[in-house]
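Enquirer: Chain by chain, the residues run as shown.
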Amino acid sequence: MFWQMIVSGLAMGCIYALIALGFVLIYKATEIVNFAQGDIMMVGAFVAYTTLILFHVPYILAILMTLVFMALFGMVIERVLLRPLIGEPVFAMIMVTLAVGILLRSVAGMIWGYETYRFSAGMVDQPVRFAGVSLSSIHLWIMGVTVILIGALYFFFNRTKMGISIEATSQNQLAAFLMGIGVKRVFSNIWAIGAIVAAIAGILLSPIQFLNYNMGYIGLKAFPAAVLGGFGSVPGAIVGGIIIGVSESLAGVYLPGGFKETTAWIILIIVLLIRPEGIFGIQQQKRV
Amino acid sequence: MALLEVRNLEVSYGPVNVLKGISFTIEKGQIITILGANGAGKTTTLRTISGLVEPEKGNIILEGQEIKGFEPDRIVRLGISHVPEGREVFPDLSVYKNLLMGAFINSDARVVAENLEMVYHYFPLLRDRSSQHAYTLSGGEQQMLVIGRALMSKPKLLLLDEPSLGLSPKLIKTIFGIVRRINEEESTTILLVEQNARMALEVAQHGYILEVGRMVMDDTTERLKQNEDVQEFYLGMQEHGIRGTRRWKKKKMWR
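Just so you know, the sequences run in chain order V and B.
The opening residue of the first sequence carries number 1 in my numbering; numbering runs sequentially from there.
The opening residue of the second sequence carries number 1001 in my numbering; numbering runs sequentially from there.
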């Protein structure tokens, strides 16, 4: 029982980690906290559902189409709603992302309705026995895909020119401008990446949580995961997500009812009391 | 044809008029320097040339082409590389990746490798430090890194903003020595903005003196060094006499 809870916690933690990663990537590059991340995830899941189930597109192609669509979707949000606000207070942009979240939720309700769908996203749920413990194959799928995605992102941000230039822009925007890096294009790219990561999180989440226009609220639990790890730290987001996923899963079994939903916030408060900059956070070291 | 020609450039930050119509030209292969006190508008001049600041009036002409109002990345592509004041490195990237970003506009791997060798040739220290994070470098090493990074795009014109800021006299000498070598060996034209007038007049061939948004003097550095006012206010040489009143009078005469 204990190990099963750990594994299902890890799987849920992976999803929190992916959403938190979306928060962190966009924040690092643009200094905007994108509160619509959870709802972008929901849109991604619904687009996958539409292509796969409603239009019967073959699996791989459907997923690819979803990811391409979501990349464009992220770029459009950045281009249309946030770029005109460059130079305005960051607070204004964060309010815009909140509004985008609400908007997406209601538009999704209008398009796909308010009922809950069952959507396995092509993943088969069958018990897998491993070292005497019975695990769900979906949980293993989720962990596997997350590990691959994180590996791919690591490669992109450390080895490719475009990835390094995004990293560079997030570290020193002035210098990036002077290197000839198109900072506007970097913003656009990072929103595309954020939306792709969100869509993958949504596709992975659907089989364990059902598909619903409200599923984006899970972003509210991924947000403490990002803060926990030290907002702005990629490894922090992953570790934070996993801590919250696992502890939530254990709290659901070993603690009285109601604790499952609040664990994320309790852990967040405790960590912030001990280490205000988060687990992997570094004190802001901006030079004047 | 001059490499760069700036005509009647006017720049304001809101209501504050920073540049009140300055003009100057840079010939190919020259090192020219703009001297001036704090707030004279030196940094603004460079930022306007590299496209970070939009001018209100005037022209910036690079090899006969008007580049005023271009985006910074387009200006870099045209061959102007700007080393900003205050060592703006990418702190969490390695020295090597910092240099790689300097060649962002160049996608030919062979040329990038060649330029990297050239940078390592002038700054051998960067080769030794290539895998270190840039924030671990000392001030002088960071200054070398940002100059090296700017050279990675093999610019026609290098804009240097206060490379001596906060460095020891010995390091300043080293860096200016390298700047001069780059000018001679790579035939890179250099526009140097400095408060360290002595050093700047030493390396440059032509100098401009900027005072609160206006060019007040323009001559070869040989003649500037002989000029009484330059000697007193920029090189700190003193004559006997009541200095306070002299200063005021001379400054009045300049405008």
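Please note: incorrect hints may appear among the correct ones.
No more than 30 Å apart at the CA atoms, straight line, and that leaves these computed lysine-lysine pairs for DSBU-like [to be verified]:
id : chain 1 : residue 1 : chain 2 : residue 2
1  : V       : LYS184    : B       : LYS1068
2  : B       : LYS1156   : V       : LYS161
3  : B       : LYS1154   : V       : LYS161
Chain V side only, calculated, beta carbon under 8 Å to chain B, not exhaustive [unchecked claim]:
id : residue
4  : GLY109
5  : PHE177
6  : MET179
7  : ASN214
Computed Cβ-Cβ distance ranges for the label pairs, DEER-style [to be verified]:
id : chain 1 : residue 1 : chain 2 : residue 2 : range
8  : B       : HIS1133   : V       : ALA92     : 32 to 38 Å
9  : V       : LEU64     : B       : GLU1185   : 48 to 54 Å
10 : B       : GLN1195   : V       : PRO276    : 56 to 62 Å
11 : B       : TYR1013   : V       : LYS161    : 31 to 37 Å
12 : B       : HIS1133   : V       : ARG185    : 24 to 30 Å
13 : V       : ILE60     : B       : GLY1086   : 46 to 52 Å
By construction, these hints were calculated from the structure, which means they are not laboratory data.
Keep in mind the model is a prediction, meaning the values are calculated, not measured.
For every residue, glycine included, the Cβ atom is placed at its ideal position computed from N, Cα and C.
Enquirer: Determine for every hint whether it applies to the structure shown.
Expert: Going down the list of hints, with the structure as the test:
1. LYS184/V <-> LYS1068/B: 19 Å, holds
2. LYS1156/B <-> LYS161/V: 24 Å, holds
3. LYS1154/B <-> LYS161/V: Holds, at roughly 18 Å.
4. GLY109: 41 Å, violated
5. PHE177: Status holds, d = 5 Å.
6. MET179: This interface hint holds because 5 Å falls under the 8 Å limit.
7. ASN214: Constraint on ASN214/V not satisfied, violated at 38 Å.
8. HIS1133/B <-> ALA92/V: 32 to 38 Å: 34 Å, holds
9. LEU64/V <-> GLU1185/B: 48 to 54 Å: Between LEU64/V and GLU1185/B, where Cβ atoms are some 51 Å apart, the hint holds.
10. GLN1195/B <-> PRO276/V: 56 to 62 Å: Given a distance of about 40 Å, which is not inside 56 to 62 Å, the answer is violated.
11. TYR1013/B <-> LYS161/V: 31 to 37 Å: Given range 31 to 37 Å: holds, Cβ gap about 34 Å.
12. HIS1133/B <-> ARG185/V: 24 to 30 Å: 26 Å, holds
13. ILE60/V <-> GLY1086/B: 46 to 52 Å: For GLY1086/B against ILE60/V, whose Cβ atoms are near 50 Å apart, the range 46 to 52 Å holds.
When the structure is compared with the earlier hints, violations turn up for hints 4, 7, 10 and for no others.
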